[in-house]
Structure formats: structure tokens, C-alpha cells
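The residues making up each chain are set out below.
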Amino acid sequence: MTIPVAISLHVNGEAVEARVLPRLNLADFLREQLQLTGTHVGCEHGVCGACTVRVNGDIVRSCLTLAVQADRASVETIEGLSDSGEIADLQAAFRDRNALQCGFCTPGMLMAAQDLLKSESSPSRQRIREHLAGNYCRCTGYQAIIDAIETTARARIGRAP
Amino acid sequence: MKASAFSYARATSVGNALELLIAHGDKAKVLSGGQSLMPAMNLRLISPELIVDIGELAELQGISVSRDVVRIGALTRHVDLARSPEIATHAPLLAQAIGHVAHPAIRNRGTIGGSLAHADPASELPACMVALRAVIVVSGQHGERRIAAADFFTGIYQTALTAQELLVAVELPALPENSAHFFDEFARRHGDYAIVGLAAQAIVRGEVFLDFRPVLFAVGDRPVLAKAASRLVHRPVTPALLAEAAAALAAELEPDGDQQASVSMRRHLAKLLLVRCAAALLDRPDLAAGGAG
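Which chain is which? The protein sequence lines are R and H, in order.
Residues 1 to 161 in the numbering used here are what the first sequence spells out, letter by letter.
Residues 1001 to 1293 in the numbering used here are what the second sequence spells out, letter by letter.
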């Protein structure tokens, strides 16, 4: 028998209290209980990267994280990063470079790309490839995605004081 | 797919975790980072009745260095190993191998204890532990057991750990003078499980191995310390001798074939890695020029 567990966390800056079954993963919690459907569920075993979110500042696979493990954590999803404007330039570059086709992988790609750009201001194309190796694009638009991230990195350096 | 239903307990101490494991035995599974356990549960390869979450036990975290040992707490994440100046200095093999362990989002949660207890024969860290002569520290009802890494891995997902024990730390002996290391693997995609990989620790003086521990992974049911490497120790290594050792290695391995690689492809890649490894460690590019034969 399993019983729901009370959790209390922050999601995109807002306090959330919930009761969840232990088996519920963080991706399904975000999508089904909080209606934050920007986090996509692809493979459900950590291979595809579509479910990438931030927990306490680090990107993680939300399909490989239980909602109960996010108790007292700060979770940020693609909705949070979009609404805050943190990745507005990256999103614009994805549009300009046609770096999304069906769009299924895009939230995870953006989370992983922003994670790289936060720690490295001018990553090489090889570094971008390495950092995004855990994110599948089944439309195979990889070159355009790397173009968009490279363009964003260059533009951010240009803007830096 | 999604994991089947289970009960959940958040351990408050190592003692509390052990009480739960002793009470529930093999019906319970320990959850640390979950990066091996959750995929297995989502794929319904395992369906534990109870999950014992040790993720918040501070006593299992951290890296400490004393005069002759580096102790790594079981909950140390892959990203912590990658960023640790202590690991870079005292276990550079591990620092290099971490770059091949899955992807950034997985390295942010996966732990060394979880990876070793899971014991996937295609994973990097078990092989590194054997190469580094690590000691796996295990806590149980009657206190601690210390198990040499070479004896810890006993089969596919099988270890010397019982269902009532908890892996609490690993200890790496200090590296002697003239230590050198090598790590490389073949994978379809950077970060995926290896098709064949090699982690090696060695002592090199001039162009001679005084000690050489090449450990292959994804070529059997556990990490394999290449016996053939003994042919290369304490003597000048010639291309002919290396080819002989590579042939002996291929003969001692019993890899499985699967959709990623056939048996003969795995043997070939293992030979290739041994040749590259020896050439790199001895700084003899000429040894690698002829390939694996």
C-alpha cells in the first residue's frame, strides 16, 4: 500500500503545497497537477532530455526525479524561464535560425543551452554539442540548434559591459 | 513507462536507513540520485515495495583527503567529482572518466554510490574503482565491511552488497610517484553507455611500466582487469610485444554481442583501446601506429 506524501516546494518562484503518491515523477507532477505542460515527457528513462528542468539551479531529468524528492526544492521550468525573460534572446535565435520544427524537444534544448551559456560565455560548437548530447531532436535539426546557441553566445558577449 | 506503486521512506540517518533495509530486505531499494534506479523502475525492470531515500543524509556527502587515502562519500554526485580539485589532484582518472558518464542533467543528480551499487557492466565508475584499487565501504547491522573493488562487482547489476547493507563511501589509496592514467571509450553518442571502454592506472618510469592496470568495461558481466597487461610490465614494450598482449586480451575476454556491437567487434575495439592506452601512457605514438592488428 502506498500513501500520498505532503511536499512543499517553489515552482517558478511560487510556493506550492501538494500531496503526491511516491511513484509520481516530477515531470508528471508539473504537467498534471500544476498544468505546466511546457515540460515534455518523451522516453521516461533519461535518454531524450525533453523533460529537462532546473532543481535548485541545476538542470535535471524530471522523469528521473520523484516529486517527493523535490520537497523543499526550488524548481524552474521552461514557463518560468520564458516569463522572466531570462532566455528571450535564445528563444528569438531559435526562431530566427529555424532551430525548432515540431518543437517537442525545444523546452529541453533551451534549458540545456541556457545551462551551458550561464557557465561558459563563448563555448565552441564542439562544447555545445557535448553539453546538448543528452537532448534528442527527432526532427534532426541539430545544426540549426547549435547555430542558434552560438549566435546567442556571441550576442551576449557583445552586450556585456 | 512509469514506475509501479511503492511506499516511500526518507531515511533520517544511516542507522535509520539500515533499520529499514534490515526490516524489508530485498523488497526495499535504496534511492540516492535515482539516475540508474529510476530508469530501471520506469522500465518495470524492478518494482520494489519500499524506496528508502538516503538523498539527504549529510553524513554520506563530501570528499576528504588524508595522507594516504581519498575518501568519497556515497552521495557525492558526478558533478561534484568533476568539479573537485581534490579529485583532479588525487584521482585524475576519475576526473577524466566523469566527462563520459551520461549527460550534464544526469551528472547533476547521479551519485558515485548509486552508480557502484547499481553495477551496470557498461558503466564507467566500476572500472575506475578496480583500476584505482579502491575499497568499497559498506555499512550493515554488524558494523562496516571493507571490500576491494575487484571483489565487489560480481555480475550484471550484482555486487557483494547484501539487501541489508548500505554502500557508504569509497576509499582510494594515494597514488604513488610516476602514476599515470588513461581513459577512453567507444559510444554511439557522447555520454551513452559504452560499447567498449577502458580505464587504466599505471606507474611508468621512462618507457617502462612498473605497474599497469587496464580495466575494460562493457565486455563482460563486470569490469575486467586485463591479465594480458602483465606481459607489458618491467620490460621494454615493442610493437610485437604489444600486439601479442592485445591478442591475449582478445582471447581472455568473453563479451556478449547485442544490437550495439557483435562479439568480434567488441574484441577488436578492446584490442584497439589497449594499444592506444599503452602508447599514450608510455608516450610512444609509434606503438599505436600499427593499430590493433
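Don't take every hint at face value.
[Said to hold, decoys possible] Which residues of chain H face chain R? A partial, calculated answer using Cβ under 8 Å:
no.: 1; residue: 1001
no.: 2; residue: 1003
no.: 3; residue: 1005
no.: 4; residue: 1039
no.: 5; residue: 1042
no.: 6; residue: 1051
no.: 7; residue: 1055
no.: 8; residue: 1102
no.: 9; residue: 1104
no.: 10; residue: 1105
no.: 11; residue: 1109
In case anyone wonders, no lab produced these hints; they're calculated from the structure.
Glycine included, every Cβ here is placed at the ideal spot set by N, Cα and C.
Worksheet item: Can you list which hints this structure breaks, lowest number first?
Response: none
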